[in-house]
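S.K.: Protein chains in written order, with the working numbering: chain P, 475 to 768; chain H, 264 to 540.
Keep in mind that the hints are not guaranteed to be accurate.
Below, a list of computed lysine-lysine pairs in the DSSO-like style, where the Cα atoms sit at most 27 Å apart [said to hold, decoys possible]:
hint	chain 1	residue 1	chain 2	residue 2
1	P	Lys574	H	Lys275
2	P	Lys494	H	Lys354
3	H	Lys397	H	Lys382
4	P	Lys574	P	Lys675
5	H	Lys382	P	Lys523
6	P	Lys494	H	Lys355
7	H	Lys275	P	Lys675
8	P	Lys522	H	Lys382
9	P	Lys522	H	Lys397
10	H	Lys355	P	Lys675
Label-pair restraints from in silico Cβ distances [stated by the list, open to error]:
hint	chain 1	residue 1	chain 2	residue 2	range
11	H	Pro485	P	Phe606	33 to 39 Å
12	P	Ala477	H	Val298	57 to 63 Å
13	H	Glu393	P	Ala477	40 to 46 Å
14	H	Val487	P	Trp663	55 to 61 Å
15	H	Leu523	P	Arg572	16 to 22 Å
16	H	Pro485	P	Asp612	35 to 41 Å
Simulated from the structure, these hints should not be mistaken for laboratory data.
Virtual Cβ for every residue (Gly too), placed ideally from N, Cα, C.
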Amino acid sequence: MAALTRFEARAATREPTWFKWTLIGVSLTFFAVFLLLPLITVFHEALKKGVDTYLAALVEPDAVAAIRLTLTAAAIALPLNLVFGVAAAWAIAKFDFRGKHVLITLIDLPFSVSPVVAGLIYVLVFGAQGWFGPWLMDHDVKVIFAVPGIVLATTFVTFPFIARELIPLMQAQGREEEEAAVVLGARGWQTFWFVTLPNIKWGLLYGVILCNARAMGEFGAVSVVSGHIRGETNTMPLHVEILYNEYQSAAAFAVASLLALLALVTLVIKTWIEHRSAADNAPPQESAPQGPAS
Amino acid sequence: MSRRSHVLPGFKLTLGYTLIYLSLIVLIPLSAVVVRSAELSPAEFWQVVTAPRVLASYRVSFGLSLAAAAINTVFGLMLAWSLVRYSFPGKKLVDALVDLPFALPTAVAGISLTALYAKNGWIGQWLEGELGIKVAFGPLGILVALTFIGLPFVVRTVQPILEDIETELEEAAASLGAQRWQTVWHVVLPILLPAVLTGFALAFARAVGEYGSVIFIAGNIPMVSEITPLMIITKLEQYEYPAATAIALTMLAASFVLLLAINGLQAWTERVTGRDR
Numbered sequence: 475m476a477a478l479t480r481f482e483a484r485a486a487t488r489e490p491t492w493f494k495w496t497l498i499g500v501s502l503t504f505f506a507v508f509l510l511l512p513l514i515t516v517f518h519e520a521l522k523k524g525v526d527t528y529l530a531a532l533v534e535p536d537a538v539a540a541i542r543l544t545l546t547a548a549a550i551a552l553p554l555n556l557v558f559g560v561a562a563a564w565a566i567a568k569f570d571f572r573g574k575h576v577l578i579t580l581i582d583l584p585f586s587v588s589p590v591v592a593g594l595i596y597v598l599v600f601g602a603q604g605w606f607g608p609w610l611m612d613h614d615v616k617v618i619f620a621v622p623g624i625v626l627a628t629t630f631v632t633f634p635f636i637a638r639e640l641i642p643l644m645q646a647q648g649r650e651e652e653e654a655a656v657v658l659g660a661r662g663w664q665t666f667w668f669v670t671l672p673n674i675k676w677g678l679l680y681g682v683i684l685c686n687a688r689a690m691g692e693f694g695a696v697s698v699v700s701g702h703i704r705g706e707t708n709t710m711p712l713h714v715e716i717l718y719n720e721y722q723s724a725a726a727f728a729v730a731s732l733l734a735l736l737a738l739v740t741l742v743i744k745t746w747i748e749h750r751s752a753a754d755n756a757p758p759q760e761s762a763p764q765g766p767a768s
Numbered sequence: 264m265s266r267r268s269h270v271l272p273g274f275k276l277t278l279g280y281t282l283i284y285l286s287l288i289v290l291i292p293l294s295a296v297v298v299r300s301a302e303l304s305p306a307e308f309w310q311v312v313t314a315p316r317v318l319a320s321y322r323v324s325f326g327l328s329l330a331a332a333a334i335n336t337v338f339g340l341m342l343a344w345s346l347v348r349y350s351f352p353g354k355k356l357v358d359a360l361v362d363l364p365f366a367l368p369t370a371v372a373g374i375s376l377t378a379l380y381a382k383n384g385w386i387g388q389w390l391e392g393e394l395g396i397k398v399a400f401g402p403l404g405i406l407v408a409l410t411f412i413g414l415p416f417v418v419r420t421v422q423p424i425l426e427d428i429e430t431e432l433e434e435a436a437a438s439l440g441a442q443r444w445q446t447v448w449h450v451v452l453p454i455l456l457p458a459v460l461t462g463f464a465l466a467f468a469r470a471v472g473e474y475g476s477v478i479f480i481a482g483n484i485p486m487v488s489e490i491t492p493l494m495i496i497t498k499l500e501q502y503e504y505p506a507a508t509a510i511a512l513t514m515l516a517a518s519f520v521l522l523l524a525i526n527g528l529q530a531w532t533e534r535v536t537g538r539d540r
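If we strip away everything but chain P, and leave its shape as in the complex, we get (with noise of 0.2 Å):
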């Protein structure tokens, strides 16, 4: 048994027995219809058929590719978003100017986007009838219905996650650091690396798998640009997609479980970085919820 939590070793801030565990068995069963069996349910159908078929349908090449393309599209994304995020959180937190709230908005503002808007987005400006298409079609350069597209379009989704881990964090740590070490003589790369990036090192790690997770799982946007060419454009979650609608039901949930194990594993992270970063005393940027069409 846990130990007390402090509101319960005060009289005044208790509630009777028979309330509390009322309450948590309500909200545990609450959990466990809609979060803990959808979890399980992947796992148990992808192992309905044995583990051959489980492990087929993985080495499948059409699966594989569509692991290739999946880790393809965020390594892409991924750094783009953090030097994008660095970037916007030294301009927000280390300076003043006018419009920052405004800016700040902005850059949240993918999260509120539906997915499938996302992707139309890309298509309203690269596809056939878009402002480029012509011009990249006379050039045989294919943007929407390719990998480019895929990575623009998971690059738009997980545009805010790191920005928006760094520049509450750094807003509070304020300027003082790095401005003593300006002043003894650092360079500005200089003052970065040993004096910034110490200070937000959990906070990015906590943005990346975040983004990650995001960048690896997105389904609406990107399957609105890829054209669902099997071994082509096709990532995991639209490879789970058409194994799917093809009543594949278990090499369906063996490719999901993949997802759902890097969906776990993200999980395991994050817990780890928000204890590291407690015991490094500086409180983490306790999850603040993601925006809305995350």
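For this one, chain P is given, so just place chain H on it according to the hints.
M.R.: Chain H alone, transformed into the frame defined by chain P:
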């Protein structure tokens, strides 16, 4: 302040890069929705966004999103209360898993919930077989999916506020003769209210735009269980780009209003609790 900060380098570089990258990835592509919608005349635009099937999709999307956010508000508050105020076995695991809907790809959630609530699924065989309640492939299925993806929002907005409340406040109320329920109702809940509403709005906004987890379980029956994002996809598949864009613009307008409301609610939370973001 502003004079001191001139000591630090990199302002022009970082702000310039931020603005260019923001424009290229987000602002210019988003502006395409507004510009391309203008290809329709106002009458055509109106006809597209108020077609009966599209209107039905608004009712499904907004109605069920509201319902899911309401469910998550009630149970999210209870879950947050349990996690902060009580100790029970497995609490840390529950706390960590609450974020699962943020980390689990929506397509995975979609097929898993469908398997669970279909006629032969663990929950479905009981609900549909014994009670005759059809969940998967209908509006109730959409409600289940939207509840799943919105689950963490209220818990995670309320939890830190609940943790920070000074016990002295409640002790003062108790020593002044308040019953426990009176203290909770008149002292604790008013402090939580802005955070609860913020969580509600975030869950609602997320649900309105959701696509991946819903399409598998919805059944996608015209006029009954089609969500608005699916209408955009349908128009795209028929190469009706202007129509898809018009519906997208309506959705963008709705999410913009929601974004403003959420910003207002977050500012209110900060005022009530004195917390910095």
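S.K.: If a hint holds in the structure, say so; if it does not, say that too.
M.R.: Going down the list of hints, with the structure as the test:
1. Lys574/P x Lys275/H: 14 Å, holds
2. Lys494/P x Lys354/H: Holds - the C-alpha atoms of lysine 354/H and lysine 494/P are around 14 Å apart, at most 27 Å.
3. Lys397/H x Lys382/H: 8 Å, holds
4. Lys574/P x Lys675/P: Answer holds: lysine 574/P to lysine 675/P is near 24 Å, not above 27 Å.
5. Lys382/H x Lys523/P: 19 Å, holds
6. Lys494/P x Lys355/H: Holds. Lysine 494/P to lysine 355/H sits at ~17 Å (cutoff 27 Å).
7. Lys275/H x Lys675/P: 24 Å, holds
8. Lys522/P x Lys382/H: 17 Å, holds
9. Lys522/P x Lys397/H: 24 Å, holds
10. Lys355/H x Lys675/P: 24 Å, holds
11. Pro485/H x Phe606/P: 33 to 39 Å: Given a distance of about 34 Å, which is inside 33 to 39 Å, the answer is holds.
12. Ala477/P x Val298/H: 57 to 63 Å: 60 Å, holds
13. Glu393/H x Ala477/P: 40 to 46 Å: Once the Cβ atoms are compared, 42 Å apart, the range 40 to 46 Å for alanine 477/P and glutamate 393/H holds.
14. Val487/H x Trp663/P: 55 to 61 Å: 59 Å, holds
15. Leu523/H x Arg572/P: 16 to 22 Å: The hint (16 to 22 Å, Cβ to Cβ) holds, given that leucine 523/H and arginine 572/P are roughly 20 Å apart.
16. Pro485/H x Asp612/P: 35 to 41 Å: Taking Cβ atoms as reference, proline 485/H and aspartate 612/P lie about 39 Å apart, which means the hint holds.
Going down the numbered hints, you'll see the structure goes against none, and every one checks out.
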